[in-house]
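Q: Model the full structure from these sequences, guided by the hints.
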Amino acid sequence: MKRILILCFLFIASNTIFAQETAIKKKTTKAKTEVSAAEKEAKQKAANEKRKATIAAKKEAETQAAEAKAAKQQAANEKRKATIAAKKAAAEKETAEKEAKKAKAEKSKAEKTVTEKATKAKKAGEVKIKETTEKAPKTPDKVTGEYNGKKVYTGPRGGKYYINKNGNKTYIEN
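Reading the sequence shown from the start, the letters are residues -19 to -1, 1 to 155 in mature numbering (1 follows the signal peptide of the UniProt record, and there is no 0).
Only true hints are included.
In silico DSSO-like links for lysine-lysine, alpha-carbon gap of 27 Å or less:
hint : residue 1 : residue 2
1    : K141      : K101
2    : K141      : K90
3    : K21       : K31
4    : K146      : K90
5    : K82       : K98
6    : K85       : K150
Restraint ranges, calculated between C-beta atoms of paired labels, are given here:
hint : residue 1 : residue 2 : range
7    : K146      : G126      : 14 to 24 Å
8    : G136      : A84       : 20 to 30 Å
9    : E30       : A57       : 33 to 43 Å
10   : V95       : N58       : 48 to 58 Å
11   : K68       : G126      : 54 to 64 Å
12   : E154      : K68       : 49 to 59 Å
13   : A72       : A37       : 44 to 54 Å
14   : E92       : A70       : 27 to 37 Å
In case anyone wonders, no lab produced these hints; they're calculated from the structure. We put the beta carbon where it would ideally sit given N, CA and C, even for glycine.
A: Following this line, the structure appears as structure tokens:
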């Protein structure tokens, strides 16, 4: 029986302890809600300020990135222009070299034909031939005869020549 009484006493004591705590908890929750409302406002203000600061930082970073991108683009354009100019110069140099080689080859061909003609003329005992690379003029000279099946012209100073297959004057020495 003693045990039951002790248990009942403990039960009642524990209920009173817990009852008092709930009353205190209600008071503290009211104080906490008041404090928490002020804290919430302060946190919200801080969050707003933080958002504003991050937005400003993002805008500044975007403008810096745009400026950097524009500078990069300009540098790339200048580099591209320089490479294009270098390629053009190299192409022009290459074409000039090709033209020089062509001219040299044509000159050597012309020299070969002249030497061949000269050797043929010597062998045949014919008149010596002198060839120039200038084109025949459009002014008509007098036709004075025929040489190897080609018309022989007499120039204004008395030189005799004929027009070869390339359209050049080939002078005949007397």
